[in-house]
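There are 2 protein chains.
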Amino acid sequence: MTSRAEVVGTGLIGSSIGLALRERGWHVTGRDLDEARAARAHELGALDAVGHDPDAELTFVAVPVSAIAVEARRAVAAGAIVTDVGGVKAPVVTSVGHPRFVGGHPMAGSEQEGVDGADPALFTGATWVLTPTVETDPRAYARVRSVVTTFGADVVALTPEQHDALVAVVSHVPHLTAATLMALASERAEEHAALLRLAAGGFRDMTRVASGHPGIWPDICVENRDAIVAALDTLVHALADMRDLVSEGDRAALLRLLERARSARVNLPTPAARPEDLAEIRLPVPDRPGVLAEVTTLASELGVNIEDLEIAHSAEGPGGVLVLVVEASSTERVRGALAARGYRPSVRALA
Amino acid sequence: MTSRAEVVGTGLIGSSIGLALRERGWHVTGRDLDEARAARAHELGALDAVGHDPDAELTFVAVPVSAIAVEARRAVAAGAIVTDVGGVKAPVVTSVGHPRFVGGHPMAGSEQEGVDGADPALFTGATWVLTPTVETDPRAYARVRSVVTTFGADVVALTPEQHDALVAVVSHVPHLTAATLMALASERAEEHAALLRLAAGGFRDMTRVASGHPGIWPDICVENRDAIVAALDTLVHALADMRDLVSEGDRAALLRLLERARSARVNLPTPAARPEDLAEIRLPVPDRPGVLAEVTTLASELGVNIEDLEIAHSAEGPGGVLVLVVEASSTERVRGALAARGYRPSVRALA
Numbered sequence: 001m002t003s004r005a006e007v008v009g010t011g012l013i014g015s016s017i018g019l020a021l022r023e024r025g026w027h028v029t030g031r032d033l034d035e036a037r038a039a040r041a042h043e044l045g046a047l048d049a050v051g052h053d054p055d056a057e058l059t060f061v062a063v064p065v066s067a068i069a070v071e072a073r074r075a076v077a078a079g080a081i082v083t084d085v086g087g088v089k090a091p092v093v094t095s096v097g098h099p100r101f102v103g104g105h106p107m108a109g110s111e112q113e114g115v116d117g118a119d120p121a122l123f124t125g126a127t128w129v130l131t132p133t134v135e136t137d138p139r140a141y142a143r144v145r146s147v148v149t150t151f152g153a154d155v156v157a158l159t160p161e162q163h164d165a166l167v168a169v170v171s172h173v174p175h176l177t178a179a180t181l182m183a184l185a186s187e188r189a190e191e192h193a194a195l196l197r198l199a200a201g202g203f204r205d206m207t208r209v210a211s212g213h214p215g216i217w218p219d220i221c222v223e224n225r226d227a228i229v230a231a232l233d234t235l236v237h238a239l240a241d242m243r244d245l246v247s248e249g250d251r252a253a254l255l256r257l258l259e260r261a262r263s264a265r266v267n268l269p270t271p272a273a274r275p276e277d278l279a280e281i282r283l284p285v286p287d288r289p290g291v292l293a294e295v296t297t298l299a300s301e302l303g304v305n306i307e308d309l310e311i312a313h314s315a316e317g318p319g320g321v322l323v324l325v326v327e328a329s330s331t332e333r334v335r336g337a338l339a340a341r342g343y344r345p346s347v348r349a350l351a
Numbered sequence: 352m353t354s355r356a357e358v359v360g361t362g363l364i365g366s367s368i369g370l371a372l373r374e375r376g377w378h379v380t381g382r383d384l385d386e387a388r389a390a391r392a393h394e395l396g397a398l399d400a401v402g403h404d405p406d407a408e409l410t411f412v413a414v415p416v417s418a419i420a421v422e423a424r425r426a427v428a429a430g431a432i433v434t435d436v437g438g439v440k441a442p443v444v445t446s447v448g449h450p451r452f453v454g455g456h457p458m459a460g461s462e463q464e465g466v467d468g469a470d471p472a473l474f475t476g477a478t479w480v481l482t483p484t485v486e487t488d489p490r491a492y493a494r495v496r497s498v499v500t501t502f503g504a505d506v507v508a509l510t511p512e513q514h515d516a517l518v519a520v521v522s523h524v525p526h527l528t529a530a531t532l533m534a535l536a537s538e539r540a541e542e543h544a545a546l547l548r549l550a551a552g553g554f555r556d557m558t559r560v561a562s563g564h565p566g567i568w569p570d571i572c573v574e575n576r577d578a579i580v581a582a583l584d585t586l587v588h589a590l591a592d593m594r595d596l597v598s599e600g601d602r603a604a605l606l607r608l609l610e611r612a613r614s615a616r617v618n619l620p621t622p623a624a625r626p627e628d629l630a631e632i633r634l635p636v637p638d639r640p641g642v643l644a645e646v647t648t649l650a651s652e653l654g655v656n657i658e659d660l661e662i663a664h665s666a667e668g669p670g671g672v673l674v675l676v677v678e679a680s681s682t683e684r685v686r687g688a689l690a691a692r693g694y695r696p697s698v699r700a701l702a
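Just so you know, the protein sequences line up as chains X and Y, in that order.
Using our numbering, the letters of the first sequence correspond one by one to residues 1 to 351.
Using our numbering, the letters of the second sequence correspond one by one to residues 352 to 702.
Rather than coming from a laboratory, the hints here were simulated on the basis of the structure.
Think of the CB as a built atom: it goes at the ideal place given N, C-alpha and C, for glycine as much as any other residue.
One or more hints might be untrue.
[As the list claims (entries may be wrong)] Calculated Cβ distances over 10 Å to all of chain Y for the following chain X residues:
1. Asp48
2. Asp53
3. Arg74
4. Val76
5. Gly97
6. Asp277
7. Val325
8. Gly336
9. Ala340
10. Ser346
11. Val347
12. Arg348
[To be verified] Below, a sample of chain Y positions facing chain X; criterion: calculated Cβ distance under 7 Å:
13. Leu549
14. Pro569
15. Val587
16. Arg613
17. Arg616
18. Gly654
[To be verified] Cβ-Cβ distance ranges computed for the label pairs, FRET-style:
19. Y:Glu538 x X:Gly201: 22 to 28 Å
20. X:Gly201 x Y:Thr445: 25 to 31 Å
21. X:Glu161 x Y:Pro620: 42 to 48 Å
All chains should be built: construct the whole structure from the sequences, respecting the hints.
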């Protein structure tokens with residue numbers, strides 16, 4: 001039988017999800033407040049049909065952050081497993097507050113915006129954050145995880161609060177900084193027209209994100225206000241310190257800071273080829289809430305990528321076995337950390 | 352007769368200049384404090400010979416900023432026209448203080464560093480700043496300009512002080528900001544290993560420059576201290592304002608700022624194809640110093656690209672005719688501004 005999904009919101013991300021699902025045999029129904037955009041998504045092959053699907057098993061909510069909660073509540077009420085793609089998670093997850101809602105955030109985008117930029121390969125190699133909580137139904141989590149993994153995405157589990165604090169540092173504040181640098185350069189260019197002709201590759205790279213449509217950012221800034229303000233405070237202090245180093249001509253300290261940044265940049269993780277040597281960690285799961293969230297977010301804290309995850313339920317009750325596939329080299333770290341929390345994991349090499 | 356040049360310093364830029372010169376028929380002699388590096392440049396075809404050339408007409412000084420003045424003084428004393436490629440200009444130009452020294456700064460680089468990254472096409476389409484002053488010999492300027500133009504570079508004339516103020520905004524401070532963002536993210540990653548896995552394309556773009564060798568930056572920060580401190584102060588204030596907008600949830604002001612940045616980023620000038628319709632501005636040059644600097648930096652201030660420049664000297668004295676080739680659409684602006692300064696330009700369309 002064909003699996004059926006719904007996509008609510010058919011912009012770049014929603015339509016790319018539609019295309020990716022349909023490539024993998026799903027029947028996809030979708031809609032958008034902007035009916036022309038939904039029609040275009042249908043025309044481009046991202047949807048089988050425009051409208052509602054009462055039989056959809058899985059709903060992706062791909063609308064602006066401020067509109068997610070309403071759509072997600074509607075979809076969970078209809079009985080589906082529901083996930084979203086919003087850039088801020090804690091307010092959304094708290095507001096929806098349902099075991100079958102799994103907060104999500106694919107860290108993917110495109111220079112080409114809107115439905116016409118949709119691409120079924122948009123998520124290949126991208127990090128896709130999922131934010132399980134103690135309330136999350138492990139089966140809902142495992143289903144969402146399994147589907148987005150078929151898109152080629154690498155899933156990272158974080159608590160909603162961790163997600164918001166981390167993206168403030170690695171996405172929101174860098175974006176606002178790029179816009180600020182661009183606005184300052186543009187102001188100075190009013191005094192001297194040649195300024196922007198001096199903008200070489202480095203400046204172009206740094207300000208590229210500022211060329212995107214700003215429409216989503218006021219929402220993000222409001223929804224993730226505290227984390228963004230905290231990260232901006234840290235950045236302002238760090239730049240003021242940098243200013244003092246330059247002013248004092250402290251070559252050694254400047255060099256140390258730049259060396260540290262270089263080393264970190266060079267070592268940024270890149271989507272790796274699948275290692276041959278994976279291992280399986282099997283974990284008897286007690287009948288207590290929050291195990292899924294605890295285990296998956298623990299792996300993220302340890303820097304361990306969960307390559308695959310499966311939940312084998314016992315026939316008789318809510319307990320069962322959680323199966324994690326990780327790089328063989330990281331099994332001992334994971335096993336140790338789990339054992340320290342009272343779990344009894346067993347490890348098995350694959351192939 | 353073959354033109355002869357010297358290249359002092361055979362790193363990425365010096366060796367790329369050597370390759371570009373030799374492709375155009377020059378005989379190139381070069382040297383480096385690091386003898387192995389000079390030998391490697393020779394091996395890669397960037398030099399005809401390692402050592403000194405007493406008959407060199409033109410010397411490119413491509414050593415670190417703090418070492419330029421000594422090398423440049425040595426080369427002008429030997430009778431050559433001399434230019435450099437340093438990222439800071441006012442201290443260098445002041446320190447050398449010779450009519451045959453023309454400060455220069457090609458805005459080009461490469462992911463691949465050092466002599467092995469050398470590429471004769473490195474400057475194609477790149478902006479190459481030259482910094483004539485009232486002291487500069489117009490013939491020296493025209494010669495340097497003509498040669499780097501054959502490399503495919505677009506020359507922008509600025510005073511040394513203008514150059515330093517503008518690159519602080521468009522290069523030095525963005526670079527220090529990229530390093531600061533990367534260092535902050537790296538610190539936070541010590542608390543949470545997953546952070547850097549959330550670093551999507553935008554963050555990677557913004558921090559790319561931080562992956563370069565930091566060796567040249569302490570010098571640049573010291574030599575261009577005042578302009579960098581001023582630009583960092585401006586940035587810190589702008590980010591503190593941004594922080595307040597986020598804290599107050601001022602969506603409208605955030606959107607305005609982001610829209611302004613977007614518009615500026617989208618309109619960043621890109622190296623354009625040569626327009627068919629160029630025009631020539633002929634300017635009788637009175638016998639007074641600084642005309643060359645005044646005219647060329649005026650064009651830059653007007654945002655006008657000088658496509659070609661020639662100096663036709665009268666046989667009898669220092670006076671003559673300065674010939675500028677500009678886009679036909681900009682001739683009226685240039686002519687008006689020149690007339691306002693007491694020049695008597697004439698304009699002629701080019702076939």
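Which hint numbers does the structure go against, in order from smallest to largest? none
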